[in-house]
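Residues per chain are reported as follows:
There are 2 protein chains.
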Amino acid sequence: MVDFLDDDCDDDSRPLLCGNNLTHINTNTNVHNYRERKHISTKMNQQGTDFSGTLNYLGQMSYRAVNDFKSYMNPRDYYSTVSEEFSESRESSFTMVEENPRMMEAVNGSDFLSSKYESLDYDVMENELYYERERTHGSLQHLYVSLVRWLLMLSIGCTVGLFAVGLDLAMTHMAEGKYELIKNTITRCLDYGCTCWAFLMWITIDCSLILFAATLAVYAGPAACGSGVPEIKCYLNGVKIPEVVRLKTLIVKSIGVICVVVGGLAGGREGPMIHIGSIIAAGISQGRANSVRFDILKCFPKIAKVFENFRNDKEKRDFVSAGAAAGVSAAFGAPIGGVLFSLEEGASFWNQALTWRIFFASMSSAFVVTVILSAVNDHLGAITYQGLVNFGQFPYENCHIDTWDIFTVIILGIMGGLLGALFNSLSFRLTLFRRKYLNRIRACRIIEAVVVSLISTTISFSAVYFFSDCHSLRTYEESKYAEHHPVQLFCADGEYNALATLIFTTPEESIKKLFHNPKLAYSCLHLVFFFVVYFMLTCWVFGLCVPAGLFVPALLTGATMGRSFGEGLHALFPNSEWVVPGKYAVIGSAAFLGGVSHMTLSLTVILIETTGNTSYGLLIMVTVMIAKWIGSLFQEGIYEASIKLKSIPLLSWEHPETATNLQAKDVMASPVCTFQPVEQVGKIIAVLSHTNHNGFPVVEGQGNNNTHDDHFTYGQYRGFINRSQLIILLKHKVFFKDLRAPYRPPYLPLYYFKTEYPRFPSIDSIHTTVEEDSHFIDLHPYMNRGTYTVTINASYPRIFCLFRALGLRHIVIVNENNEVVGIVTRKDLGRFRETKRCGKPKLEHLDIR
Amino acid sequence: MVDFLDDDCDDDSRPLLCGNNLTHINTNTNVHNYRERKHISTKMNQQGTDFSGTLNYLGQMSYRAVNDFKSYMNPRDYYSTVSEEFSESRESSFTMVEENPRMMEAVNGSDFLSSKYESLDYDVMENELYYERERTHGSLQHLYVSLVRWLLMLSIGCTVGLFAVGLDLAMTHMAEGKYELIKNTITRCLDYGCTCWAFLMWITIDCSLILFAATLAVYAGPAACGSGVPEIKCYLNGVKIPEVVRLKTLIVKSIGVICVVVGGLAGGREGPMIHIGSIIAAGISQGRANSVRFDILKCFPKIAKVFENFRNDKEKRDFVSAGAAAGVSAAFGAPIGGVLFSLEEGASFWNQALTWRIFFASMSSAFVVTVILSAVNDHLGAITYQGLVNFGQFPYENCHIDTWDIFTVIILGIMGGLLGALFNSLSFRLTLFRRKYLNRIRACRIIEAVVVSLISTTISFSAVYFFSDCHSLRTYEESKYAEHHPVQLFCADGEYNALATLIFTTPEESIKKLFHNPKLAYSCLHLVFFFVVYFMLTCWVFGLCVPAGLFVPALLTGATMGRSFGEGLHALFPNSEWVVPGKYAVIGSAAFLGGVSHMTLSLTVILIETTGNTSYGLLIMVTVMIAKWIGSLFQEGIYEASIKLKSIPLLSWEHPETATNLQAKDVMASPVCTFQPVEQVGKIIAVLSHTNHNGFPVVEGQGNNNTHDDHFTYGQYRGFINRSQLIILLKHKVFFKDLRAPYRPPYLPLYYFKTEYPRFPSIDSIHTTVEEDSHFIDLHPYMNRGTYTVTINASYPRIFCLFRALGLRHIVIVNENNEVVGIVTRKDLGRFRETKRCGKPKLEHLDIR
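So the protein sequences, as listed, match chains R and S. Mapping the first sequence onto the working numbering, position 453 (from 1) lands on 448, and the numbers just tick up by one. Mapping the second sequence onto the working numbering, position 241 (from 1) lands on 236, and the numbers just tick up by one.
These are calculated hints, taken from the structure and not from any lab test. Ideal placement from N, C-alpha and C gives every residue a C-beta, glycine not left out. Hints are not guaranteed to be accurate.
As the list claims (entries may be wrong) - Chain R stretches covered by chain S per the calculated footprint, using a threshold of three residues with CB under 8 angstroms from any CB of chain S:
#1 310 to 322
#2 352 to 362
#3 613 to 625
#4 647 to 656
#5 794 to 806
Claimed, not checked - Here are the computed lysine-lysine pairs in the DSS-like style, where the Cα-Cα straight-line distance is at most 30 angstroms:
#6 R/LYS835 x R/LYS243
#7 R/LYS300 x S/LYS728
#8 R/LYS835 x S/LYS835
#9 R/LYS837 x S/LYS297
#10 R/LYS311 x S/LYS728
#11 S/LYS835 x R/LYS300
#12 S/LYS728 x R/LYS835
#13 S/LYS300 x S/LYS835
#14 R/LYS311 x R/LYS297
Said to hold, decoys possible - Chain S residues, not near chain R, derived (Cβ > 12 angstroms throughout):
#15 HIS137
#16 ILE298
#17 GLY328
#18 TRP351
#19 ILE396
#20 ILE787
#21 ILE794
#22 ASN812
#23 LYS837
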């Protein structure tokens, strides 16, 4: 199931066969590329190839290639021979990168953009076919499509909710069973002195679960590794990550996350829930699952015709953002937080109608979860349960907030920010180390996961065994939320082991306990120990190749931090009413997660929704704000850092401030491959085979170099056509023989372009006869004639803004005569990155490899 | 203080002196305009005016005018004589509209767009000056500007918070004093039989307060009328409403809203708070208050240089959205709701950094309110109070939600939607009636307000007097939130008058009582009576010219609806645990306000934050969703309707679905006034004096009509220049004498363009000598060379999307040779409106008058 288009990258390695002036003035400041180009062009000149002459109907093709066409042979082969000399040098430099990517990455960290990620196109392809459909579409059709869209949102929400409940029930029951078994064994062994057997049993269970999860993830679905939040963030930003919204990934992720949570690794299920929600949304909205060869358009062509409307990047991305929101909503019982998460972390656009639909999906998901969980835990018909993660509610009577809390909140915020930065920095170094030494062999990644599990279980066991953090049961039972049986273990009767109570349960339960247990429930020292251990483990787990999220572990780490701060404060002011350690646990968890993830609005709302209380809202906001500020002084958020490490061309929210002076001419890539409005089949095949561009400007007239501003031009811009469209046209042979004859083939209906989405055939699967290569294709009805263009004087911020606001994939740069001079893609924009060195921002210009 | 630019409208009434082909093919489907133009051009041809010849340096001017220039006389006068014949006919048609606007509006309701509203420009003017500043600006300057921006956000938040607290304390104390006085008088009069005196006293107090508020609003600040939410919505959408962010308006609004609330009118203070927040934000961010002749740039030129950066539409609009959020946050104690309100109702963009700043302002405002109110009500240092509007918190123990509630929620949602639509429809008709008969004379508007006050007080009094809704005090005292003394009045001892308890207090307190009072606290019949009366009063008050909001009155109306539903349900199922009338009051209030305002996400969040409870959140969401759907079947939201009635060119979230087939050529306006890059002063003055366009394309070369697509062209596009820039250039006489001489005047620094913002001098204040009129201005350094353009083939949705996402004011339409063929402004887009007739959407094409 190799189903990712490898021919779909609009990268900077534009093959040099496009454009007939190879020594044009390159305004790129990228010296490396420039030199490479220069070198090649010199080489070509030495070989005496004449590139200046072109035939009219063959646009920008080289003279020799054109002559070869005329002898009616396969243009692919002929083109190859022509471009052999320089494509060779190009490819050899490529091979170097491909063979040793880890070496390069390990050395440089993140100072290049990978060319393997294709972009999504949020822009609508407005061609004749589209207009025709819009003309024939009456208002009823519009209503129908809109209705189906709402129904799909509903089903996405409900499915995500059902899935989440299923996962949760499986996890909770398995985890409870495991901990019961181990607790009982240890307790029994206390009498018989077989504690080490209990330890061995514990380790065996945990390690085998993690082994299974890691093996599955590494071999069956590497896209399922990690939390999935960075991947979804990229997807919503407009970058396609291979296999990220596949059924296979869904299955691996679901099974894996159960194993990880039950296996006691410091990983959460919330991040994976967001990823799962997105996959479900993508699947449902497209009505297809390629893994099981199901396609609703082919199975039920008549009923499902409406799905044609959803088969484009724009609609799919809208649905995926709804799915992500539904995932958050299901995981945390936070529908508003879900919408804000989807907007803050993902969407580049704010559209009221879309937000409203996302909210609907998010809400349905929360509703399904609530109804089912209430039925399971209470009785059918009651609506009592508050989402999967429920950190317990704070009764208003217990919310004592004092002005002093402003200072404690600031202190906790600073601590959260600093520790978050430390966390991110450690995680960054760990990832670099991992890339350098571990990622070469798959088995290494599995072994690493098992080792972490081993260590984690050993620490847990020794903590329980060696520390006896015993407290009287009486104070414990005063607390309203302490309904779960505390663990006695090695403590005297009438006492319980506070540390063991934290360890022998899921992280969610531990957080709840830290939030709600009364004062003095924990000793400060043990909390600090637990904090340090959990901090390290969470950091280590984050980069493992197992499906595990960061949310809840980070919240737990932060809660421990806040709680220990609170207990310390209580020791200082034993008689103050307002020192409630639980309150500081809430604030601490917000501060730490804020410092790590740099999330703001959505984090605040999620925490308010999961604690069901707005009183602490203000404190949470202040602390998150401070933590984010402090954290961003040192490091960027963990998701951004992890995306950067993967060299993904993510467009951030704002353009680099130091880039305001750049103009289109400094950013654009050229030469540009162009087609004429009526183009010869042979030329199209040749260009498609030998480039990997995703779209081509359609121009009229010839390029030349006699414009006053020294930019080589490629003919006057007429429209834009995508690679996928050309391939479909070639596949269905919409050719005609003679330019002068009145015959033109009928338009190829829109349907053919939709069914193949998103995996269009590769150019190698297209076969034409020698005669057909001399035929023509009329691109007029298929090209997008209304695309946005900017002039060569437009500033970088202006182009950035256009890309960000409208979700573009490429924009054509024209000169004052509307002649094409270059093209700007997402990668061309993303390669300008601001780095701060000694507090001074500097504009880096990344390579694209 | 006439301070609104009347010369700043980019309307459709483009004077015909621009463009030298008046009989060009007009693709506008607007028959009226087309005919008018045709008529004029015919008339001109009869008079033998030759419009085809042009001199090179005078671009598109008429031949006769050019000849007149040559005789070195004041171009303004000469131009006038030339264009007299056709400007006359144009103006006469204008006069007709101006003299009888009410007649037209009354007949047609809202089927045209007013040309009196200018647009805001969210786009940055990127010219040489801007680039130069960016080049000289180091990273430190960027940091400094960013820091000041944050500080301004903080001070906006704090000031709004302080203002809100001040208003609240004034209102609450005055209202309490009034009601105490009246209650005591009535009680005393019961013994002496002087009830009518008490009634008279009551009426006198109320009417005089309303009289004062109405007089102030009508004479001193008409922009302060109403809630201000539609105005702020327009502002954030990009439409400038006269005087909407003025200090004067702030003062009138503040005093007025106190009078209205104390005067017992069915108006809230929350809408006005949002407006007040926006005004404060605009004032602080610009560092100026023209009413008191204060300008920080002029008073402290050295320290305040940083304010230069904030003197443009983009920054100001960002600050105003923060101010609106801070207003919501202060009014409801709902910082998240504030941010969402600002995004949902206003912003057309979603930018993480901006949202984060808005959140900060919103939070500071909530924080200030909380700290001060806690100090006033509890003790200094406590943080116990939850915002100004506090509907009381729902203890979790009392939140009984059952599956049956899904049905009740749906029923309440439908009721809310239907009643909301009825409300909107009544309000719409009332406004039309008012326009037709009342708005002619200012005194009428004042009298209307006093009459409403009279009626409202009379009804209150008679309700108290004639209905004796007496209940036992015992059940009342069981309720936790019933700490306020219930009113006894005509009831027996040990009983209280439930209806009087609702009436003798502010609406906020009444809502709290409806939410929290125990079952059977009210009789169903009296609630229905109260509902009907309050419904009518709220509807009537909404359009009055007094500063009064809709939020709380609508919430109260809805709460009464929900509560009566709940009490009815309790009568049906007297033994059910889950029938809690207070719950239905909450849901009812959400449903009704949702049905009226069509707000969704922000309304839900605001209600969750004010009730401090997330349990009912899900129910609130469902009901708001249903209410909005049902409501929008009949009518649009009240804010949209009110904006439409004012003929404001608001761009909605989505383009009309039936407009997908329109293209730029169907939308654009032409002929276009253009300038040459080096233009003669006389021509600029002439064009500015005789047109009211806000911006002009700068072109090179002559226009002609021999392109293949029949569109007249106006030279090749080079850049864009604003009227304000031209006026500043003229004012500072940046002229040079000879085209061939090497002398060019030095660039006019950016400072001169910033100090005058936003009230640039009118063209009539510019005086040039006859000699100067023959001089030249070099527009190169001032024009924006990188503006967005679209081709004539671009679709309407594409242009709409660009305007909406990037906040544009105008876009130049070019043909395939980059020659200007037309211009599209916000009004050109807004004039296409979808109306549903018999369920079938129809695309209307509005006039611009």
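Comparing the hints with the structure gives:
{"no.": "1", "hint": "310 to 322", "verdict": "violated (count 0)"}
{"no.": "2", "hint": "352 to 362", "verdict": "holds (count 5)"}
{"no.": "3", "hint": "613 to 625", "verdict": "holds (count 4)"}
{"no.": "4", "hint": "647 to 656", "verdict": "holds (count 6)"}
{"no.": "5", "hint": "794 to 806", "verdict": "holds (count 4)"}
{"no.": "6", "hint": "R/LYS835 x R/LYS243", "verdict": "violated, 45 angstroms"}
{"no.": "7", "hint": "R/LYS300 x S/LYS728", "verdict": "violated, 65 angstroms"}
{"no.": "8", "hint": "R/LYS835 x S/LYS835", "verdict": "violated, 60 angstroms"}
{"no.": "9", "hint": "R/LYS837 x S/LYS297", "verdict": "holds, 29 angstroms"}
{"no.": "10", "hint": "R/LYS311 x S/LYS728", "verdict": "violated, 56 angstroms"}
{"no.": "11", "hint": "S/LYS835 x R/LYS300", "verdict": "holds, 23 angstroms"}
{"no.": "12", "hint": "S/LYS728 x R/LYS835", "verdict": "violated, 41 angstroms"}
{"no.": "13", "hint": "S/LYS300 x S/LYS835", "verdict": "violated, 56 angstroms"}
{"no.": "14", "hint": "R/LYS311 x R/LYS297", "verdict": "holds, 21 angstroms"}
{"no.": "15", "hint": "HIS137", "verdict": "violated, 5 angstroms"}
{"no.": "16", "hint": "ILE298", "verdict": "holds, 23 angstroms"}
{"no.": "17", "hint": "GLY328", "verdict": "violated, 8 angstroms"}
{"no.": "18", "hint": "TRP351", "verdict": "violated, 6 angstroms"}
{"no.": "19", "hint": "ILE396", "verdict": "violated, 4 angstroms"}
{"no.": "20", "hint": "ILE787", "verdict": "violated, 9 angstroms"}
{"no.": "21", "hint": "ILE794", "verdict": "violated, 9 angstroms"}
{"no.": "22", "hint": "ASN812", "verdict": "violated, 6 angstroms"}
{"no.": "23", "hint": "LYS837", "verdict": "violated, 9 angstroms"}
Of the numbered hints listed earlier, those contradicted by the structure are 1, 6, 7, 8, 10, 12, 13, 15, 17, 18, 19, 20, 21, 22 and 23.
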